[in-house]
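This is what each chain is made of:
Protein chains: 2
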Amino acid sequence: MEDAPNHPPPDLGHLPMLLGHALRRAQAAVLHEAQAGMAELDIRPAQHAVMQVLHRNPGLRQSQVSQALGIQRTNFVPLFDALERRGLVERRDVAGDRRAKGLFLTDAGTALLARLDRIQAEYEARLTARIGPDGKQTLLGLLARLSDPAFGPG
Amino acid sequence: MEDAPNHPPPDLGHLPMLLGHALRRAQAAVLHEAQAGMAELDIRPAQHAVMQVLHRNPGLRQSQVSQALGIQRTNFVPLFDALERRGLVERRDVAGDRRAKGLFLTDAGTALLARLDRIQAEYEARLTARIGPDGKQTLLGLLARLSDPAFGPG
DNA sequence: CATAATGCGTATGTAGCATAACTATTCGGC
DNA sequence: GCCGAATAGTTATGCTACATACGCATTATG
Numbered sequence: 404m405e406d407a408p409n410h411p412p413p414d415l416g417h418l419p420m421l422l423g424h425a426l427r428r429a430q431a432a433v434l435h436e437a438q439a440g441m442a443e444l445d446i447r448p449a450q451h452a453v454m455q456v457l458h459r460n461p462g463l464r465q466s467q468v469s470q471a472l473g474i475q476r477t478n479f480v481p482l483f484d485a486l487e488r489r490g491l492v493e494r495r496d497v498a499g500d501r502r503a504k505g506l507f508l509t510d511a512g513t514a515l516l517a518r519l520d521r522i523q524a525e526y527e528a529r530l531t532a533r534i535g536p537d538g539k540q541t542l543l544g545l546l547a548r549l550s551d552p553a554f555g556p557g
Numbered sequence: 404m405e406d407a408p409n410h411p412p413p414d415l416g417h418l419p420m421l422l423g424h425a426l427r428r429a430q431a432a433v434l435h436e437a438q439a440g441m442a443e444l445d446i447r448p449a450q451h452a453v454m455q456v457l458h459r460n461p462g463l464r465q466s467q468v469s470q471a472l473g474i475q476r477t478n479f480v481p482l483f484d485a486l487e488r489r490g491l492v493e494r495r496d497v498a499g500d501r502r503a504k505g506l507f508l509t510d511a512g513t514a515l516l517a518r519l520d521r522i523q524a525e526y527e528a529r530l531t532a533r534i535g536p537d538g539k540q541t542l543l544g545l546l547a548r549l550s551d552p553a554f555g556p557g
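Residue numbers (the working numbering), protein chains in the order written: chain A, 404 to 557; chain B, 404 to 557.
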């Protein structure tokens, strides 16, 4: 027959009721959609986020950007290197502290960011369509409380 | 001073309003908590899930288990190998199909699973406490709709 | 000025996820 | 019965994410 072999779906027990499991699956699905959209531009979501932060905060130090995004300083380096090799961003020396590097978007980076933002808006809209605007707000609130216990019932 | 340097928090723009971003952070936080609980037993969440499925569905094939959990067949092998080396599970030949292997928990595996389930219940309760039982149900519903578009508004 | 702390970078290891290719076995059509 | 397609499992490999330890230059502190 079509594609329904003798696979009676296994009994997953209460696994679908576990937050970790549901989160993992949802995150995988969403990530997949995000990557599909940006794959043609060869930019990963984390890199896009970096570019967005730099657009609003030119000159930030690496440690500030990576901390703001929850990326480890050490893993930030190759991620940013790849962007710099493509001429989308650059490190400039900081006046007054010769250790630090200020991070900036180039013109090419700013241009690409505009395209990325448009793509992002599209799939964000697709996702929102699945749960409705209210659902999205509710979801964001719940996720924030899970991420950061300090959020309380806010 | 303590640990409040001259870091004025960067402007993240609408990044916190993005589902992908919020999901990634929440998933990282929850995964961290899960791993912390099971680290002492040297079992990872995916392995625990496999054991749970086998407990309810003894004799399942590898492809069925991995498909049910959203793991690729190919990555399932080393994951299961590790469990088998520890004597927690086993592969048995299947009558009627010499290609297939039926998967089973051993007694040791069943015993360990009980401990894992208890640990899991604990941190699941901790997580639920952060958002309330209603919040959890709402969250699970929204995540399911994100994961699987077919879920519709059902 | 010696020492600690900071900002950045390198090296390394592990886990997760994905693809291609292989063996053994079973199935389908003839 | 035989041959090609499909299936179950496995191996090999690469890439990304994430974590830790360490080193180097520079700056801050006492």
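Worth flagging that the hints you see were computed from the coordinates, not collected in a lab.
These figures come from a predicted structure and were not determined experimentally.
Please note that a few of the clues may not be correct.
The list makes no distinction among identical chains, and a pair is therefore deemed to hold if it is satisfied within one copy or across any two copies.
Below, a list of computed lysine to any residue pairs in the SDA-like style, where the Cα atoms sit at most 20 angstroms apart [said to hold, decoys possible]:
1) K504 with S550
2) K504 with P461
3) K504 with R494
4) K504 with P419
5) K504 with D414
6) K504 with D445
7) K504 with R476
8) K504 with R529
9) K504 with P536
Provide an ascending list of the numbers of those earlier hints which the structure does not satisfy. Result: hints 1, 4, 6, 8 and 9 break, sorted rising.
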